[in-house]
Structure formats: structure tokens, C-alpha cells
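Protein chains in written order, with the numbering used here: chain A, 3 to 224; chain B, 351 to 620.
Since the hints were made in silico from the structure, they are not lab data. Ideal Cβ placement from N, Cα and C applies to all residues, glycine included. There may be inaccurate statements among the hints.
[To be verified] For lysine-lysine, the following DSS-like pairs were computed, each having C-alpha atoms within a straight-line distance of at most 30 Å:
(1) B:Lys586 with A:Lys73
(2) B:Lys359 with B:Lys394
(3) B:Lys581 with A:Lys73
(4) B:Lys406 with B:Lys607
(5) B:Lys597 with B:Lys444
(6) B:Lys513 with B:Lys607
(7) B:Lys607 with B:Lys394
(8) B:Lys444 with B:Lys403
(9) B:Lys523 with A:Lys11
(10) B:Lys513 with B:Lys444
(11) A:Lys11 with B:Lys521
(12) A:Lys116 with A:Lys11
(13) B:Lys586 with B:Lys403
(14) B:Lys597 with B:Lys607
(15) A:Lys73 with B:Lys521
[What the hints assert, rightly or not] Stretches of chain B that chain A covers, calculated by requiring three or more beta carbons in the stretch to come under 8 Å of a beta carbon on chain A:
(16) 421-429
(17) 487-499
(18) 519-530
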Amino acid sequence: MEALWLSMKLAGCVAAILLAIGMPVAYWLAYSTWRGKFLLESIVALPLVLPPTVLGFYALVAMGPRGPLGKLWIALFGHGLAFTFGGLVLASVLYSFPFAVQPLIASFEGVDRKLLDASAVLGAGSLRTFWRIILPLSLPGVVTAAVLSFAHTLGEFGVVLMVGGNLAGVTRTVSIDIYDHVQSLEYGEASRMALVLLAISFAVLSVVYAVNRRVWTPWAAK
Amino acid sequence: MRSLKNLVKYFAKILALGSVAVLFSSVVRAQGREIRVAAAADMKFAMEELSGKFEKQSETRVNVTYGSSGNFFSQFQNSAPFDMFFSADIEYPKKLEAAGLAEPSTLCEYAVGRIVIWTPPGAKVDVAKMGWRTLLDARIEKIAIANPEHAPYGRAAVAALQKAGVYESVKPKLVYGENISQAAQFVQSGNAQAGIVAKSLAVSPAMRDGKRWEIPADMHPALEQGAIVLKDAKNKDAAREFLEFVKSATGLTILAKYGFEFPEKKKENR
Numbered sequence: 003m004e005a006l007w008l009s010m011k012l013a014g015c016v017a018a019i020l021l022a023i024g025m026p027v028a029y030w031l032a033y034s035t036w037r038g039k040f041l042l043e044s045i046v047a048l049p050l051v052l053p054p055t056v057l058g059f060y061a062l063v064a065m066g067p068r069g070p071l072g073k074l075w076i077a078l079f080g081h082g083l084a085f086t087f088g089g090l091v092l093a094s095v096l097y098s099f100p101f102a103v104q105p106l107i108a109s110f111e112g113v114d115r116k117l118l119d120a121s122a123v124l125g126a127g128s129l130r131t132f133w134r135i136i137l138p139l140s141l142p143g144v145v146t147a148a149v150l151s152f153a154h155t156l157g158e159f160g161v162v163l164m165v166g167g168n169l170a171g172v173t174r175t176v177s178i179d180i181y182d183h184v185q186s187l188e189y190g191e192a193s194r195m196a197l198v199l200l201a202i203s204f205a206v207l208s209v210v211y212a213v214n215r216r217v218w219t220p221w222a223a224k
Numbered sequence: 351m352r353s354l355k356n357l358v359k360y361f362a363k364i365l366a367l368g369s370v371a372v373l374f375s376s377v378v379r380a381q382g383r384e385i386r387v388a389a390a391a392d393m394k395f396a397m398e399e400l401s402g403k404f405e406k407q408s409e410t411r412v413n414v415t416y417g418s419s420g421n422f423f424s425q426f427q428n429s430a431p432f433d434m435f436f437s438a439d440i441e442y443p444k445k446l447e448a449a450g451l452a453e454p455s456t457l458c459e460y461a462v463g464r465i466v467i468w469t470p471p472g473a474k475v476d477v478a479k480m481g482w483r484t485l486l487d488a489r490i491e492k493i494a495i496a497n498p499e500h501a502p503y504g505r506a507a508v509a510a511l512q513k514a515g516v517y518e519s520v521k522p523k524l525v526y527g528e529n530i531s532q533a534a535q536f537v538q539s540g541n542a543q544a545g546i547v548a549k550s551l552a553v554s555p556a557m558r559d560g561k562r563w564e565i566p567a568d569m570h571p572a573l574e575q576g577a578i579v580l581k582d583a584k585n586k587d588a589a590r591e592f593l594e595f596v597k598s599a600t601g602l603t604i605l606a607k608y609g610f611e612f613p614e615k616k617k618e619n620r
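Start from the sequences and build out the full structure, keeping to the hints where you can.
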């Protein structure tokens with residue numbers, strides 16, 4: 003149960019951080035007219051390509067005392083980043099980045115340009131237009147982004163395995179715990195935990211999708 | 351349009367050539383023998399040399415997959431396509447035999463593993479001189495071991511720490527690798543300052559430059575390495591031959607080079 007709570011906390015933190023940094027990135031990628039934009043789009047999609055354990059390995063190296071990130075972190079906080087909750091959050095943010103940014107880009111791009119032009123003509127700045135027009139109209143996309151990054155982090159295994167160090171209550175997430183039980187040939191216990199994880203995830207996802215649908219159906223039907 | 355057609359033709363040619371090559375290579379392979387070996391992570395370097403030598407003298411291809419013994423065990427129960435299994439803990443092959451998943455009379459203890467305290471090159475604490483006290487030093491903030499819940503080397507590490515009477519004091523520093531090579535990785539990357547790893551990894555080219563201190567063999571339950579030929583093996587004769595080769599003088603010399611010891615020697619010590 004401790005592991006499950008830890009996973010929830012991790013997934014929550016990651017989803018919140020990803021929304022905060024994903025929105026400006028997605029906004030820029032959706033509306034920028036820079037010709038080299040495709041390069042950045044490719045970079046955003048890169049975490050999809052690397053196997054999680056490989057990504058985790060490089061995260062581990064980067065967090066080490068010889069890595070750039072590790073050096074900075076040790077200078078700031080006096081201890082390493084690997085084997086800590088913060089380290090897990092950072093690695094997971096990297097890993098789930100495309101899952102947050104892609105739906106945001108898609109929904110931002112789906113907003114009718116005429117509305118944006120109208121907003122500009124009426125004298126609204128781009129920030130005001132974003133808050134009043136783009137964000138409300140893209141709310142389903144925002145919800146999708148949050149849910150996807152939450153769910154993706156909840157089920158994450160490879161990255162956590164590589165940078166976590168399997169510390170109870172700190173970095174032993176539920177997927178690691180299930181894996182440990184399988185490794186110890188305790189299949190019954192593993193199945194119970196997997197079932198609980200699935201049930202909770204199903205409940206969370208259904209609630210979010212249900213709320214999303216009820217609130218936004220009238221808009222979609224316009 | 352024409353250039354597109356040319357491109358298509360070009361790819362068709364490559365595809366045709368490629369499929370001929372694949373066909374050809376499978377014909378060649380069918381003539382030679384092949385065994386598929388599942389081996390525990392601690393065997394990585396010794397196995398490369400063992401299989402290389404065996405391939406040359408017997409014209410048998412040896413395909414090795416490395417992983418954790420527990421993972422392999424679950425896979426065998428679901429008929430994973432392997433011919434033989436080298437486990438870091440003889441309990442797994444014993445269980446396979448009991449479950450009727452092994453070839454009769456192939457179970458053997460081929461070596462005994464040793465553990466060492468390992469520090470990376472440039473470490474501030476001299477492990478060769480300090481021994482156990484290395485782990486108590488304040489400059490050693492994290493100590494990596496394999497997960498004692500399921501990795502044999504992790505269990506040995508914890509047993510040795512308890513026997514040395516330092517377990518309670520170093521416990522807050524411990525971080526757990528999924529298997530022994532991941533524990534080594536934690537130290538190599540500098541995230542942990544010391545680790546208790548398999549000697550067979552510590553003497554490998556990648557880790558040779560670090561310093562190590564051998565934990566006395568009587569401080570932990572013996573790490574009995576067990577091998578077995580599986581019931582579903584496609585090439586049982588070749589697998590048995592390889593097992594004999596590993597137990598031969600040549601095989602034992604290679605194993606000894608990588609820090610493994612032998613059951614006979616252990617019995618003498620008793």
C-alpha cells in the first residue's frame with residue numbers, strides 16, 4: 003500500500019509539472035511560424051524512442067557526481083539526485099514529456115483561428131487570449147494530457163528501476179514492488195497488487211473521462 | 351514520377367537480395383548446431399570466454415541471454431525457448447528439476463561465487479586497507495547491493511554485513527539494484543560510492559581499475575552456482591557437451607580467472 007501511495011504521489015507530481023511546462027512548449031509549437039520548428043517537435047517525441055531502461059540509464063549517469071545535473075544538484079542541495087523522490091520526478095517528467103505535450107499541441111492547433119483573430123482585433127493580448135479563448139476550448143486536450151502523463155507515470159517501470167535504488171517509501175513504486183514479488187516467485191501477492199493497481203487506475207480514468215465528456219459535450223456539438 | 355518508380359525498383363532489389371541472404375544464412379545455420387543458454391548476470395564475462403572457446407572446438411553456436419535467475423525461472427515454467435540454464439543460485443535449477451522441467455542427471459553445481467566490496471577508481475577511501483570500515487566512513491554516502499529479497503548476491507551481501515556486525519549502521523546507506531550488475535552500475539556511475547558486488551564482475555575489464563576487498567567466504571551462505579539442461583531443449587546432446595566443457599579443466603580455468611571457486615575446494619575447507 004505504501005508503494006501504491008508513492009506511485010500516486012509520483013504520478014500526481016509529474017502530471018502537475020508536465021502541465022506547467024508542457025503548456026508553454028505546446029503553445030509555442032502550435033503557433034510558432036519558425037521554419038525550424040520541426041526540429042523541436044522531433045526532440046519532444048524522442049523519449050518515445052528510447053527504451054525506458056536506456057533512458058533511465060542516461061538519467062542515472064546525468065545525475066551522478068560527474069554528470070552535469072548531478073554537479074548542479076550537489077552544489078545546490080549538498081546531496082545526489084539519484085535514489086531520491088526528486089530524482090524520480092525528474093526522470094519521469096522526461097519520460098512522460100511527449101505524452102503531455104502531444105495532446106496539448108493537437109488541441110491548441112484545433113482552436114479556430116478566426117476566434118484568435120477576433121480576440122486580437124478586440125484588443126486582447128496573447129496571454130489574455132490564451133486564458134480566455136485557447137485554454138477553455140482546449141480543456142479536453144488538457145485533461146487528456148494530464149491523464150496520460152499520470153497514467154504513464156503510474157505504470158512506469160524501467161526508468162524508476164534504473165534511477166530509484168528500490169528504497170521502501172522513497173523510490174519503491176508499485177510497479178517495482180510487483181516486479182520484486184514476481185522475482186521472489188510470490189506470484190499470488192504480485193497478482194493481488196497488480197489487480198489493485200488496475201482497479202484504482204480504471205476508477206481514476208473513468209471518473210476523469212466521464213467528467214470530461216459531460217462537461218464538454220455541448221461544446222463539441224456546436 | 352519516374353524517379354519514384356526507380357526508387358520502388360531499387361527497394362524491390364534490396365528486398366530480394368535481403369531475403370536471399372536471410373534464406374542462405376538460415377540454410378548455413380541449419381547445418382551447424384546451436385544451443386541457447388540462459389545465464390545469470392554474474393556469468394556475463396566468464397560466459398563470453400567459455401562460449402567462445404566452446405564454439406571454436408565444437409562448431410556449435412552458443413547464444414547466450416543474460417538476466418536474473420528469478421526471471422528465467424518464471425520463463426522456463428512457461429516453456430521459454432532455452433536449452434540450458436546457468437543460475438546464480440542452485441535453488442532455481444533444483445526447483446526446475448523437482449517440477450520435472452529438467453533433463454535427468456544434468457543438475458550440477460559448477461562453481462561457487464564470491465563477493466567483494468568494490469569502490470570506483472579515484473575513491474577517497476582505500477577499501478583494500480580498510481575492509482569493512484570502508485562502509486562506515488562518512489564519505490561513503492550510498493552503498494549499492496543487489497536486492498536481497500530475490501537476488502542471491504544481495505542475500506549474501508546482507509548476511510555478510512550482519513555477520514560483520516555493521517548491518518544496522520550501514521542500512522540507511524543501502525540502495526538496491528535489481529540484480530548484481532545493476533548494483534555495480536550504481537557504483538560505476540558514481541551515484542553510490544561503494545558496492546558489494548560479485549567478484550566475477552569486479553575482475554572484469556570494465557571494473558578492474560577500481561579497488562576491491564574480498565569478503566571472506568565463511569561470512570555468508572555459499573553462493574552455489576547451478577546449471578541444468580532443460581527438458582524442452584532442442585539440442586540436448588550439444589547442451590550436455592557444453593555442460594561437460596564448463597566442468598572440464600579448460601572450463602574451470604576460465605571460471606577461476608573470473609573469480610569463481612569450486613565446490614571441491616569448498617568441501618576441503620570445511
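Structure-based check of all given hints:
1. B:Lys586 with A:Lys73: violated (53 Å)
2. B:Lys359 with B:Lys394: violated (45 Å)
3. B:Lys581 with A:Lys73: Since the Cα atoms of Lys581 of chain B and Lys73 of chain A sit roughly 52 Å apart, the hinted pair is violated (cutoff 30 Å).
4. B:Lys406 with B:Lys607: holds (20 Å)
5. B:Lys597 with B:Lys444: Between Lys597 of chain B and Lys444 of chain B the Cα gap is close to 18 Å, so the pair holds against 30 Å.
6. B:Lys513 with B:Lys607: holds (28 Å)
7. B:Lys607 with B:Lys394: Holds, at about 13 Å.
8. B:Lys444 with B:Lys403: holds (28 Å)
9. B:Lys523 with A:Lys11: holds (24 Å)
10. B:Lys513 with B:Lys444: The hint holds at about 27 Å.
11. A:Lys11 with B:Lys521: Given that 30 Å is the threshold and the Cα spacing comes to 25 Å, the pair holds.
12. A:Lys116 with A:Lys11: Violated, because 40 Å separates the two Cα atoms, which is more than 30 Å.
13. B:Lys586 with B:Lys403: holds (19 Å)
14. B:Lys597 with B:Lys607: The hint holds at about 14 Å.
15. A:Lys73 with B:Lys521: holds (26 Å)
16. 421-429: holds (count 3)
17. 487-499: holds (count 5)
18. 519-530: Holds: 4 residues of the region 519-530 of chain B have a Cβ under 8 Å from chain A.
Hint compliance for this structure: hints 1, 2, 3 and 12 are not met, and every other hint is.
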